[in-house]
Amino acid sequence: MTETASGASTGTFLIRGAAILGGGAEDLLIRDGVIAERGTGLSAEGATVIEAAGLVALPGMVDIHTHLREPGREDAETVETGTRAAALGGYTAVHAMANSNPVADTAGVVEQVHSLGRASGWVDVRPVGAVTIGLAGEQLAELGAMADSRAQVRVFSDDGICVHDPVLMRRALEYVKAFDGVVAQHAQEPRLTAGAQMNEGAVSAVLGLAGWPAVAEESIIARDVLLAQHVGSRLHICHVSTAGSVEIVRWAKSRGINVTAEVTPHHLLLTDELVRSYDPVYKVNPPLRTASDVQALRAGLADGTIDVIGTDHAPHPSEHKECEWAQAAMGMTGLETALSVVQETMIETGLMTWADFARVTSTVPAAIGRVADQGRPLEAGEPANVILVDPAARWTVDPNKMATMGRNSPFAGKELPGAVVATFFKGHPTVLDGKLNTPYRHAADAAGAGSRN
Amino acid sequence: MKHLLSTENLGAADAIRILDTAEEMAAVGDREVKKLPALRGRTVVNLFFEDSTRTRISFEAAAKRLSADVINFAAKGSSVSKGESLKDTAQTLSAMGADAVVIRHWASGAPHRLAATDWIDAAVINAGDGTHEHPTQALLDAFTMRRHWTKLHGSESIGADLSGMRVAIAGDVLHSRVARSNVWLLRTLGADVTLVAPPTLLPIGVEQWPCKVSYNLDETLEAGVDAMMMLRVQGERMNASFFPSTREYSRRWGFDDTRLRALDELGLKDTIIMHPGPMNRGLEISSAAADSPRSTVLAQVRNGVSVRMAALYLLLSGDTREAATTSGAAGTDAARSEKENN
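Here the protein sequences line up with chains A and B, keeping their order. The opening position of the first sequence corresponds to residue 1 in UniProt numbering, with each subsequent residue numbered one higher. The opening position of the second sequence corresponds to residue 1 in UniProt numbering, with each subsequent residue numbered one higher.
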């Protein structure tokens with residue numbers, strides 16, 4: 001791998017004739033990590049030219065919800081493989097969830113994940129800190145220490161597990177105000193979902209799988225938006241999956257409550273009908289819901305009730321999926337299919353434009369995570385986190401060809417639109433011609449210690 | 001028909017062919033030598049991840065009466081964490097040359113996984129999976145009902161369905177694979193089904209099932225019932241607040257002596273009382289009801305062997321395996337010729 005001599009010098013690239021946010025064709029000149037110029041007929045002198053006619057230029061995507069599995073489950077994913085997948089999927093930043101082993105509930109663990117991300121160099125890795133020690137839901141983790149660490153954690157979540165104790169949730173919401181943090185809630189009432197296997201409804205009744213009622217999600221969201229209002233804090237709801245959740249968030253926003261919500265690509269496309277196969281590739285938390293939930297989620301994303309796309313990328317080793325449904329792990333990979341699924345469900349349906357896409361995949365997730373230099377406008381002087389997308393491409397999903405170690409894609413065999421042609425991370429092309437190029441090298445790391453292979 | 005996984009997707013022609021073949025098999029059971037050479041040299045594995053002595057010995061007797069080699073494999077508690085996976089077990093059985101796998105599993109859908117994956121190529125028979133289905137139980141129940149119903153009408157049972165028969169199924173529908181399999185099969189065979197249960201023991205979504213739902217057993221009986229099937233109630237349900245006490249359950253939803261007398265008072269002299277067993281006497285069914293002449297409990301056990309012989313025969317017999325999807329008569333014809341050869 002080539003390493004640049006200096007972190008600031010990442011070369012000069014002229015992106016010629018790209019549709020900026022899906023608008024008119026313009027050129028972008030990228031030099032030394034920033035967008036030097038935007039306009040038409042820019043000079044190519046000294047630049048590597050990338051012909052981008054027919055391509056859409058977008059800000060690098062920011063995933064608010066990723067499981068990188070390291071430390072602890074390096075058989076499922078590592079920071080290196082997960083961030084390669086992210087770059088290929090059009091991401092320039094990911095938020096690494098805290099449910100690693102050890103749990104990311106101390107400054108030490110979040111700094112480790114942060115360092116691994118910098119050493120890999122494919123995207124910004126923003127560690128998410130656990131709300132409670134060991135995700136046990138009993139005692140607050142040292143949120144302030146994580147916020148003050150080199151990882152500068154701003155998003156806190158026990159994702160995978162709900163912070164179900166209302167007092168603890170209240171305290172967490174209050175406490176993170178001290179450092180402009182946000183609590184990202186995994187809304188799942190545990191007693192209503194004991195042993196739950198799939199969405200509770202007509203399909204679970206036939207399949208004899210224990211039901212996961214929508215009310216288990218909605219009741220927690222209702223409680224938490226009221227708590228957020230009461231203490232005047234910032235709340236983020238992970239992966240909303242039901243029509244009722246969308247209604248509650250819409251109501252909360254109308255009351256001025258500072259709440260944001262996320263939806264996964266798979267909940268925008270797939271329904272619980274797929275569970276009839278008993279194939280655990282469709283087992284996920286929260287579960288796939290009904291067609292009317294899917295429609296409500298799309299409408300909520302289109303009208304701004306739902307703020308962002310979060311992949312909930314959750315790779316698992318094959319043995320955790322090649323088994324009985326009840327034994328299988330919950331989760332799906334998503335980093336390398338997110339753009340295509342959102343294009344299919346939101347853009348090709350006419351519900352959103354590419355500018356809207358940039359808002360829900362980049363601008364707003366970066367703002368929620370307080371990620372500097374990400375989700376910025378594609379204008380001169382801004383950091384060069386830019387992707388080029390071919391919206392006319394069509395491809396068939398093959399999990400065996402993915403960069404993630406997880407083979408658990410629910411879209412396997414499905415033809416999807418849209419392909420990431422190039423990803424520029426801090427002005428450096430991590431992806432070119434739809435293939436991995438080389439990672440970005442941070443100045444301090446390139447100079448010596450801290451680099452990892 | 002390559003596998004027998006559920007009754008939900010079992011068509012009327014296939015269902016009636018299994019029942020008709022079971023009639024032929026039942027005739028074998030009446031003979032002095034209760035054995036056919038039909039599956040000589042074929043291997044049937046009883047793969048049981050959950051204890052069920054009744055179901056296992058029923059399948060074992062069925063396979064042996066067809067001269068198959070039987071391997072009993074008790075694989076309790078298998079899981080990734082506890083030991084060998086379902087995949088490894090299936091591949092092991094495949095390597096041993098199993099022709100059919102009769103699988104009983106606590107996890108709903110486990111037989112579907114065996115049938116859908118390339119782990120094993122054998123025919124898969126679902127012997128009860130979690131709270132999903134128990135198709136051979138429903139088939140033996142239908143067989144028992146059909147014999148009763150046709151005898152009552154003085155008609156031939158071969159080829160008959162259950163049109164016009166009123167069947168009530170009472171108990172823990174939510175957790176019952178027997179109820180599910182029965183609802184689908186009885187719909188396919190044209191019976192009129194009513195589920196009777198406390199609302200807590202009915203699944204969300206039951207209103208979309210092809211049956212009526214009642215919370216009142218007495219009203220259901222008053223409306224007229226030709227077969228009354230009681231489902232086993234697990235004692236542990238009480239601890240999870242599905243109902244307040246076993247006594248209250250028994251009073252409201254159990255088939256007790258009062259309800260047994262009510263059948264007479266209502267003029268329902270030909271109504272049969274069914275139970276898949278094992279029974280909780282005094283809970284969902286009284287001893288008087290279980291032991292009354294109306295009870296078909298032992299006939300169900302007897303018919304279970306015939307129905308399982310029919311299922312194994314139709315899935316494994318080389319002559320009929322391919323013809324099964326096209327010709328409704330192939331199964332019974334072949335069974336007849338086997339008998340003549342014997």
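Read the hints as simulated data drawn from the structure, not as lab findings. Among the clues, some could well be false.
Heads up, incomplete: computed chain B residues facing chain A, CB under 7 Å, no partners named [unchecked claim]:
1. S108
2. T200
3. P203
Bear in mind the structure is a predicted one, so any value in this text is a computation, not a measurement. A virtual CB, placed ideally from N, CA and C, is assigned to each residue, including glycine.
Does T200 (chain B) pass the interface hint, meaning its C-beta sits closer than 7 Å to a C-beta of chain A? With Cβ-Cβ at 13 Å, over 7 Å, it is violated.
Close enough to count: is the Cβ of S108 (chain B) nearer than 7 Å to one in chain A? 4 Å, holds
Hint validation: P203 (chain B) versus chain A, beta carbon distance must be below 7 Å. Holds or violated? OK, holds: P203 (chain B) within 7 Å of chain A, min 4 Å.
Violated hint: 2 only; the structure is consistent with all others.
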